[in-house]
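Starting from the known structure of chain A, fit chains B and C onto it as the hints suggest.
Quick mapping for you: the protein sequence lines, in order, are chains A, B and C.
The working numbering numbers the first residue of the first sequence as 1 and each following residue consecutively.
The working numbering numbers the first residue of the second sequence as 349 and each following residue consecutively.
The working numbering numbers the first residue of the third sequence as 752 and each following residue consecutively.
Mixed in with the good hints, there may be bad ones.
Claimed, not checked - A partial selection of chain C residues facing chain B, derived with a Cβ cut-off under 8 angstroms:
| hint | residue |
| --- | --- |
| 1 | Thr870 |
| 2 | Leu871 |
| 3 | Leu872 |
| 4 | Leu924 |
| 5 | His928 |
| 6 | Pro935 |
| 7 | Ala945 |
| 8 | Arg988 |
Bear in mind the hints are in silico, worked out from the structure with no lab data behind them.
Just so it is clear, CB atoms sit at the ideal spot from N, CA and C, and this is done for glycine as well.
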Amino acid sequence: MTAPAASADAPSARSFSSAGLVSVAQLAIVAVLLAGALLWMGPQQFVNALTLGAIYALIAIGYTLVYGIIELINFAHGDVFMVGTFLSLIFLTTLGFNGAITEPGLLALVLAGDFIFTMIALGLIGVLIERVAYRPLRNAPRLAPLITAIGVSFILQNAVQGVPPYFGFGPFNANSPQVFPTDWFVTLGNASIPVLSLFIIVTAVVMMIALQLFIGRTRIGRAMRSTALDRDAAALMGVNINRTIAITFLLGSALAGAAGVTFGLQYGVTNSGLGFNAGLKAFTAAVLGGIGNTVGAALGGFIIGFIEVGAAVAGLNRWSAAIVFGVLVIVLVFRPSGILGQQTGERA
Amino acid sequence: MSVIQDVKTSAPAPGIRDRVRGFAGRHRSTTIIVMMALIGIVLPILAAFPPFTLFQTQIGWIDGFTNAGVFVLLAIGLNIVVGVAGLLDLGYAAFFAIGSYTYAYVASPFGNSILGIDVAATFGDAVGVVFWPMLIVGAFVAAVFGILLGAPTLRLRGDYLAIVTLGFGEIVPIVFREASTVTNGINGIGGVYRPWLPGVGTFSGVDPMPYYVTTVALVAIVLVFAYRLVESRIGRAWEAIREDELAAAANGINTVSTKLLAFALGASTAGIAGVLNTAKLTVVSPDQFTFTISFTVLAMVVLGGMGNFWGVAIGAFVIYTINNVILHSLNEFFHGLGVPVLQDIDFIQLQFLLYGIALVGMMLVRPEGLFPNSRRKRELHQAIDEPGEDENTLSEVTEEGGR
Amino acid sequence: MTDLLVADKVTRRFGGLVAVNEVDFTIPEGSIVSLIGPNGAGKTTFFNVLLGIIDPSSGSVEFGGRRMIARPRRIALESVVWVLPSAIVLLLGFLLEQAGVVGGFFVTAVIAIALLITTLLLAIIRPVWYQVGLTKLGIFRSARPNDMVAAGLGRTFQNIRLFKNMTALENVLIGMHSRMDANPADAFFSSPKARREETASDRRAQELLAFVGLRGVGNELAKNLPYGDQRRLEIARALASNPKLLLLDEPAAGMNPKETDDLMRLISRLRRDLKLTVLLIEHDMKLVMGISDRVTVLEAGRKISEGSPEEVRRDPRVIEAYLGKPVE
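Chain A on its own, in the form it takes in the complex:
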């Protein structure tokens, strides 16, 4: 149990690999688990778990992308997500949308604008953070960027807390306009499912698929993968490392922005301390799925969603953070490379 073992025990699968072929047996196990969860918590809570899971998944992907490419746990990522919820809030309230929009055309337009604005703005914030706080320390001892990451996290948190009365929010909960009507339901059997939840789940899944395609099919995606595998070699092959890393931050932060928008729509409330817990849970999701693996992060996000909602169903909602933390420690002890993470040494 020594240093080298340590660095290797930890997942350092850094190739953004997608899942390998899943066997029929694995699919069967997943199906049984899902069916069990559905029976136990009922369809409403089941959908809630999926919704929450989708939000965690979007955040977790940001952790995994950044970790995959520069092996840094971006502590500020949870707070980046929190800033996203506020950007969305600012966008909607500034344009004067404070309540539900029932006109579908207008709703689509506003949501599209909200997503685009928040994702781009937050993506740029992510790039800025990387440029200012991480890039100068890329070759410094590991401790240094970790400390700046935690510093950035605190700056974001307190800056949002301190941008006070102008937008009508202070240190406490701020109301985020729920422009998507929360009283639209579809009826499935005897359960009525909110359309909003379906919208969030579908949006998240579409974004994740788009990301997967982007990484897998485009030139920039290839540059990201090669940089993750071996930065020096990629640089020798003509990959612009700085730009690739910046793009990675852009993508991760943009997805956190999407998560921020959906969070506001779903819960109608946000606060500047939100990022801490969300970040911890999303990070757990990323480790659970196998850090460095985007599909794993998504999977982990959904698992955490189920764990948290399950805890609430079982009447333990105040303990949910403790339960998730327990999961994190157990995963780190028994399978630090996560569910889909590659065992190291396998990458020759």
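Chains B and C in isolation, oriented as in the chain A frame:
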């Protein structure tokens, strides 16, 4: 210490500064004790004169110095973990909390009812005497929790330790808040006994002097221990691990147990600080141990100079004093002015924004801190002076560590 | 002459690539053995397996008559060993409480926690008797680098890995770490034992520096030493742990002929004066052929030849591996 050093110190016509340095190097413990005694005497005297009296009374200052002393203890402990061994612990307040609650359980009526003991009946008026052994017990309990937390995570790479400690720091207050049947929940445990010492009696809630002297003595003792450890074989092993884990392991250092020891010792120092703090406040509640405490102490260590115990002690002292005296005074001052915009600025709130900026700025500009440790400085600058070099060694670690 | 180190069919795969393929290898006590082969032949991987840095995919390594390295077996069971005693105690407490013993559960809970902490500590410190006990239960965990050093293996690195920001003397003192036994309590109270040990170590470190030809540079920072001296310092650091076997990974890399000659003399002296066994990985054929008792040649993960330097030099397979097939 070594032959060669002795040769150096006896080189022709050494300056007075060198001579003092040489003496301090050879009699480290004596130096620390003398220095702490001097500081302990000078501070209360200074506090009786302007400009100090402009802010608050001498009693207020001594009380403030005592509280600052608690943070100095915390910073020294965290410095063992972060500064010397190079492990990032972001949940340090959790061990502070554990030490605090440990004392509260043994030295309060509520805690006693939970444990099923009654120390008040045993010791009568001198019940506060339990404070002294509890310093050690608190340290021990915190160390045990440090080991339990560190054992699974220290095998992994450093970043994981950071996030796990972050989570732990968040969870511990939650547990103390939610497990209300045994912890009294959010209200915490009150009525904690104050320390008792023969000749002094039970420490008074009005006169901070006994607490002050106790704190100064504890800081001195902890400093002596910290320095002795760092200059021993174990301290060398910590530094080796910080510089190059693989090479350290290849030279026979059990990296896991060595790192765990640093972690446990850091935790135990926080435990001592917790016991002291609770004995002074006489109440302990979960909201005293938020993440801001961990963060503040980390800022103290980084700003003070990672690896340098005197540096972080001074850093902690200065930052605490600025926060709790000067910012408070500024707040009161501006609130009193009644100017609309200035009135809205909350300087206490601002303090964390400033910490954040200071941490980032410090790592970028002067990563070794204000009072640097010379070796730490070389390491942190090596990356900047010789770009790419550290990168190479890092990728080798991952490659060679291909288990 | 007994064999100090015996590697038995050591194999290491990386995905589909077989880096080391069923290599049998022995090092007789008191000999100087060299391992050579073209680049990418698997020398470094093999070396890392011997050192406990990489687990083998199959095969095992015995060192000093003790089986140290092999594929781990049933390590998941080890966590059961940690938890089981305290679980049993807790169960007992629960039964006691059910049987009406007031406070039985509380007392056993305390005992259980204490037990858990003890077992965890054991698992971290891993004393030898604990490992032997585990082996009896069929649980085997491969030795880690520090275990190998404790057993008597010293090494140097191909690309020097000194603690650059420490002085030469401190580097050697770190090498001595595993042979010192001042514990934290000794350090706390600055016990006479600890002080004696520090003084003795200091003296020995100076001696070692002098032995490798670095007299008087003890207070120099390692990174400020010239290249050849850094190599020597690394050897001194490896010697500090009193090894029985010294593994030198390309010690002559980057050295000029004169430095190489000095190194050759130093290695011979290691055997003569310190009775050391030496394993050498090297590209410099002059060095290898000059001092080795035996040479083993690896190519593409396989052992293709073994014998005295003369035999190996004439082996057609070796010539082919290094020079390619003769053109027909």
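- prompt: Against which earlier hints does the structure fall short, listed by number upward?
  reply: 1
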